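Given two chains presented individually in distinct reference frames, assemble the corresponding complex, making use of the accompanying hints.
These protein sequences, in sequence, are chains A and B. Residues in the first sequence are numbered consecutively from 1, following our numbering. Residues in the second sequence are numbered consecutively from 125, following our numbering.
The hints are simulated quantities; they were obtained by calculation from the structure and are not laboratory data. Remember, it's a predicted structure, so these values are computed and weren't measured experimentally. For each residue, glycine too, the CB sits at the ideal point set by N, CA and C. Treat the hints with care, as some may be off.
As the list claims (entries may be wrong) - Across the chosen pairs, the derived CB separations fall in these ranges:
#, chain 1, residue 1, chain 2, residue 2, range
1, B, W207, A, R90, 36 to 46 Å
2, B, S240, A, P108, 41 to 51 Å
3, B, L151, A, R28, 17 to 27 Å
4, B, I248, A, G123, 37 to 47 Å
The chain contents come next:
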Amino acid sequence: MGVSRNVSLSTALRYKGRGTFLTFILHRIGGLGMAIFIGLHVVASFVSGEVGNGINAVYESWLFQLFIFFCVLFHAINGLRITIVDLFPRLIDHEQEAVWLEWAVFIPVYGMAAFAILRSAFGG
Amino acid sequence: MAHKSRTLPLNKRGLTFEMTMWLFTRLSALAMYALALVGAIGALIMGARNQMSFADILRWSFTPNSTHVQSTNVPDLAPWSLWFWQGVATLLVVIAVAHGVHGLVVIVDDYITSKSGRNIVRFISIVTMIAMSLVAAYVIWAL
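Bound conformation, chain B alone (with noise of 0.2 Å):
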């Protein structure tokens, strides 16, 4: 398969908002990766290994929350519930929750294609994104 690569400088490509976005997946995405690496490492120091089956590192991994390791065999609940960890949880799911509900906007931009149907969805996706954070920044931090 050839193919021939274009070289136009980048402010000749447009950067448009779906451009900015495209990027911003790719990014958050690695982002997340480095993060889920930091809570899985962070659980093996704390002695995941003899605790915790690999299902639970990878729960814990995706969002270091301490409810995420009450049905564990974790003896000691106080080093998982320390600050840092629910502000790695918070970041993740911050960057997540953008992630995931721009994902839901390119999937919805498949069925409507109208200008004003996609500005209303446009609207309802800031307010889920926010609201979602909110939530989820209550539910690491409150309880």
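For reference, chain A alone in the conformation it holds in the complex (with noise of 0.2 Å):
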């Protein structure tokens, strides 16, 4: 069965691996996120006709765009830390600061993003 952890979310955050177990969690839920929801999006193109096309329009939503672009950037960039921390192994006494540095490039690139989806659903 499954493993009891009996620990809150504040006190995982407040273990030492700090920002590393926020991005942790941002990983699973970026991860699960694109698994269910792309997934859906293909298996909806499959399907196409009334039922597909109707799962298909929830796609268009601004909010959701906004939802699964988080998902897939957010994976994406935490990914490229993980791989690049775990196939140089001397980096690891950096991982906080690698941390902060991932926050750098994904705020900046998802703000573009978000401003994009934004500006299209909001006639700008």
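Written out as structure tokens, the structure reads:
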């Protein structure tokens, strides 16, 4: 059966993993979000017709686009940090700095995408 | 944070399924970055600078499928629906499905710890992986 942890989210964030624990959770949310919603998008395109097009209409919503772009971009940028640190283990000493660098990359990239989504949604 | 690095030779570390997939996850991430870069550069060569927003270019990069640019200002879909882009999209999707399904297995393994339960998860994941790859290839090539 499942492992019981008995640790709340706020305790977990104060654990020495700190920033890396937050990115761990967001990485899972992003990965799950992509697996579910991009999988559903592919299946809906496969089914097409009324049902498929109805499901795909959800993907036109700007709110949903903000969510799925967060999933994709965060998962991609966090994944690149994990890949670089894992393939060059000497960098593990600088993990916290790598997390800060990751946010410094993620925020402008996601900001640009969000700006483009909102501008086309509200006709700027 | 001082730590001692292990210098065991590869054959003594035990190249198990988990270890292989650990490496595959990292390498497939790099491969997807390379393919997304091919998509982004291709989009810019085909004139995306004047016809698409940043979000549209990203959507094209993560899956260069011509139906993804139908709603943009691209005047002519022909260069966007070249067989080359279908090939890139197929490669990307097959790698992404394998990467994603293994990611789901890793998450599920945190909650299902019994031997038989994990075997069932492995079986379902392999079926899902093959089915999703075929469905995605059909969407890219036949629709």
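- Item | CB-CB spacing for G123 of chain A and I248 of chain B relative to the 37 to 47 Å hint | holds, 45 Å
- Message: Looking only at beta-carbon atoms, does the pair W207 of chain B, R90 of chain A fall within the given range of 36 to 46 Å?
- Response: holds, 43 Å
- Task: State, for the Cβ atoms of S240 of chain B and P108 of chain A, whether the hinted interval 41 to 51 Å holds or is violated.
- Result: For P108 of chain A against S240 of chain B, whose Cβ atoms are near 48 Å apart, the range 41 to 51 Å holds.
- For L151 of chain B and R28 of chain A, compare the CB-CB distance with the range 17 to 27 Å and indicate the outcome. At roughly 21 Å between Cβ atoms, R28 of chain A and L151 of chain B fall inside 17 to 27 Å, so the hint holds.
Checked against the numbered hints above, the structure breaks none of them.
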